[in-house]
Amino acid sequence: MAEKYTIISNTRIAKDIYEMILGGSTEKITNPGQFINIELDGFFLRRPISVCDITDSGNMVIIYKLFGDGTHYMSTLKEGTVLDVLSGLGNGFDIAKSGDKPLLIGGGVGVPPLYMLAKKLIAERKIPSVILGFNNADEVFYKEEFEQLGCKTLVATVDGSIGIKGFVTDAIKEFDYNYIFTCGPLPMLKAIYNNTEIDGQYSFEERMGCGIGACMGCTCKTQNGYKRICKDGPVLRRSEILW
Amino acid sequence: MVDLSVSLSGLTLDNPIIPASGCFSYGREFADLFDINILGSFSFKGTTKEPRLGNPTPRIAETQSGMLNAVGLQNPGIDMVVKNQLAYMDRYFHKKVIANISGFSIEEYIYCTEKINNIEQVGIIEVNISCPNVYGGGIAFGTDAKSAAEVTRAVKAVSKKPVYIKLSPNVTDITEIAKACEDAGADGLSLINTLLGMRIDIKKRKPLLANKTGGLSGPAVFPIALRMVYQVYEVVKIPIMGMGGVSSAADVIEMMMAGASAVQIGAATLKNPYICKEIIEQLPIEAEKLKINSLKDIIGVAHI
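These protein sequence lines are chains Z and P, in that order.
Residue numbering for the first sequence follows my numbering, beginning at 1 and increasing consecutively.
Residue numbering for the second sequence follows my numbering, beginning at 1 and increasing consecutively.
To be clear, the hints were calculated from the coordinates, so they are not data collected in a lab.
Hints may be right or wrong, so weigh each one.
[Stated by the list, open to error] For lysine-lysine, the following DSSO-like pairs were computed, each having C-alpha atoms within a straight-line distance of at most 27 Å:
hint: 1; chain 1: Z; residue 1: Lys231; chain 2: P; residue 2: Lys277
hint: 2; chain 1: Z; residue 1: Lys190; chain 2: Z; residue 2: Lys173
hint: 3; chain 1: P; residue 1: Lys49; chain 2: Z; residue 2: Lys231
hint: 4; chain 1: P; residue 1: Lys160; chain 2: Z; residue 2: Lys190
hint: 5; chain 1: Z; residue 1: Lys65; chain 2: P; residue 2: Lys204
hint: 6; chain 1: P; residue 1: Lys277; chain 2: P; residue 2: Lys289
hint: 7; chain 1: Z; residue 1: Lys4; chain 2: Z; residue 2: Lys173
hint: 8; chain 1: P; residue 1: Lys160; chain 2: P; residue 2: Lys179
hint: 9; chain 1: Z; residue 1: Lys4; chain 2: P; residue 2: Lys206
hint: 10; chain 1: P; residue 1: Lys83; chain 2: Z; residue 2: Lys65
hint: 11; chain 1: Z; residue 1: Lys231; chain 2: Z; residue 2: Lys190
hint: 12; chain 1: Z; residue 1: Lys221; chain 2: P; residue 2: Lys277
hint: 13; chain 1: Z; residue 1: Lys221; chain 2: P; residue 2: Lys206
Next up, chain Z with everything else stripped away, as it sits in the complex (with noise of 0.2 Å):
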């Protein structure tokens, strides 16, 4: 059966950003960079949300971002909700891929999957860098989270009002780094992509039917095939990308 988390809290923690605690089994969330995915009452297809966090206490901390009518309806929610939840979905990142200076670049809300990432590297004693993308000061959101694990921390905004002003890859040169680890919107990808030639994983973002690979709705193609961002993504690794 689908699973019963219950909000804890649902902050609003930046300009049209909130982060959602829920109460619930965390147990089938084994990497980084998963997803749950969110039935929401009144909305067909559920909401598919990456993982950012597990805390010390079991919980899960989501973070979204409000886009149409289903995210609206979601910041309403309050706590003691209880939602059905379907989760563990996704291959997520494999941190044993990655070098011992992993550099990790997050836009928008591609942010959230990072942190949890960035945790585990750490536990390997792979100290990442951090570079955090956003339109503008408003809607900056888990600098200070990032800089208390201890990771150096950059905030790129396309208008300037804080960090450096420009893209991510604007403050890529800052970095000595020897793997990447990205998520954010695709044409921040691609960015990337044509900006280093250091090796890495990517997650994507697709409009998703089942978000369990059964319905051929989220399918892109790779070096390797047609793939579903779903279940054979969201992460795809450097080499498989097809642009």
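Position chain P relative to chain Z; hints supplied.
Just chain P, lined up with the frame of chain Z:
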């Protein structure tokens, strides 16, 4: 004890619940979630002669009480399906499966049928002449009574299995096509496929789906599907697999009362992968409430 068993052209199913083609892949993903042997059967992903890559993404759009899809018959081709899927299916599914096939020409339908003919596990061939997302992907056959009859006759001529024709709702009069298929020798009918629909992203001022249009499914289409099953039941004698927005045990019973001998579950499976299991568990409870002893007794009872 409520008797849930039903019969389709000599094939007895433990219950009428059949995940619909395109929503259940070849079953493997669901076998990881629950024992899929509780199902009556399932209809596997629409398969063509040649491998097909499908349409560009986005292929999925949400709607009120439903969804649009324009997957475009992505599949590895019948030869690979026989080799990689059907050869191992009995490891996780021990019942007869329904083979859903599609084509762009009569020859392709015949090719697929012949490939499947000797596969023991296939109980029924479901011939898709109604995919709305692929130009010529069967829909050209499904919207014209004469062509529908032609495909039926050609497949029947070579098939060693019962042949069910899957009909499109995107036609003026579905009963005319249903009758044409029956007259051409179809053993049964499956209806309905999805309804052609569309959404536009008002911020981008562009269609939401890369394919522009897609097939509508989900609870939104249930009354239309029910009406079509009801109408077709009045004009044919062959069994009908009813589908379209079925999401609960009550919907299953309603669909059977309209005339369906078995019921396929499509979009609801994408929303909740456990829905067929839940419906199968709920069916006897719902039936008992309605004083139904055997589901076979209610097929078409709504006709007066």
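**Prompt:** Does Lys204 (chain P) lie within 27 Å of Lys65 (chain Z) when you go C-alpha to C-alpha?
**Reply:** holds (18 Å)
**Asked** Straight-line Cα separation of Lys4 (chain Z) and Lys206 (chain P) no greater than 27 Å?
**Response** Cα-Cα ~37 Å, so violated.
**Prompt:** Is the Cα-Cα distance between Lys83 (chain P) and Lys65 (chain Z) 27 Å or less?
**Reply:** violated (44 Å)
**Request:** Mind checking the alpha carbons of Lys160 (chain P) and Lys190 (chain Z) for me, to see if they're no more than 27 Å apart?
**Result:** violated (51 Å)
**Message:** Tell me if the straight-line CA distance from Lys221 (chain Z) to Lys206 (chain P) falls inside 27 Å.
**Reply:** With Cα atoms ~23 Å apart, Lys221 (chain Z) and Lys206 (chain P) stay inside 27 Å; holds.
**Message:** Against the 27 Å threshold, does the CA-CA distance of Lys190 (chain Z) and Lys173 (chain Z) hold or violate the hint?
**Reply:** This hinted pair holds, its Cα atoms lying about 17 Å apart.
**Message:** Hint check: Lys221 (chain Z) vs Lys277 (chain P), CA-CA at most 27 Å. Holds or violated?
**Reply:** Answer violated: Lys221 (chain Z) to Lys277 (chain P) is near 33 Å, above 27 Å.
**Message:** What's the verdict on Lys231 (chain Z) and Lys277 (chain P), does the C-alpha distance respect the 27 Å limit or exceed it?
**Reply:** This hinted pair holds, its Cα atoms lying about 22 Å apart.
**Message:** Given the hinted pair Lys160 (chain P) and Lys179 (chain P), is their Cα-Cα distance within 27 Å?
**Reply:** With Cα atoms ~22 Å apart, Lys160 (chain P) and Lys179 (chain P) stay inside 27 Å; holds.
**Item:** Proposed proximity, Lys190 (chain Z) with Lys231 (chain Z) (alpha carbon, max 27 Å)
**Value:** It holds: about 21 Å lies between the C-alpha atoms, which stays within 27 Å.
**Request:** Compare the distance between the alpha carbons of Lys4 (chain Z) and Lys173 (chain Z) with 27 Å, and conclude whether the hinted pair is satisfied.
**Result:** violated (44 Å)
**Request:** Take a quick look at whether Lys277 (chain P) and Lys289 (chain P) sit within 27 Å of each other, Cα to Cα.
**Result:** holds (19 Å)
In terms of the numbered hints stated before, the structure departs from hints 4, 7, 9, 10, 12, listed from lowest to highest.
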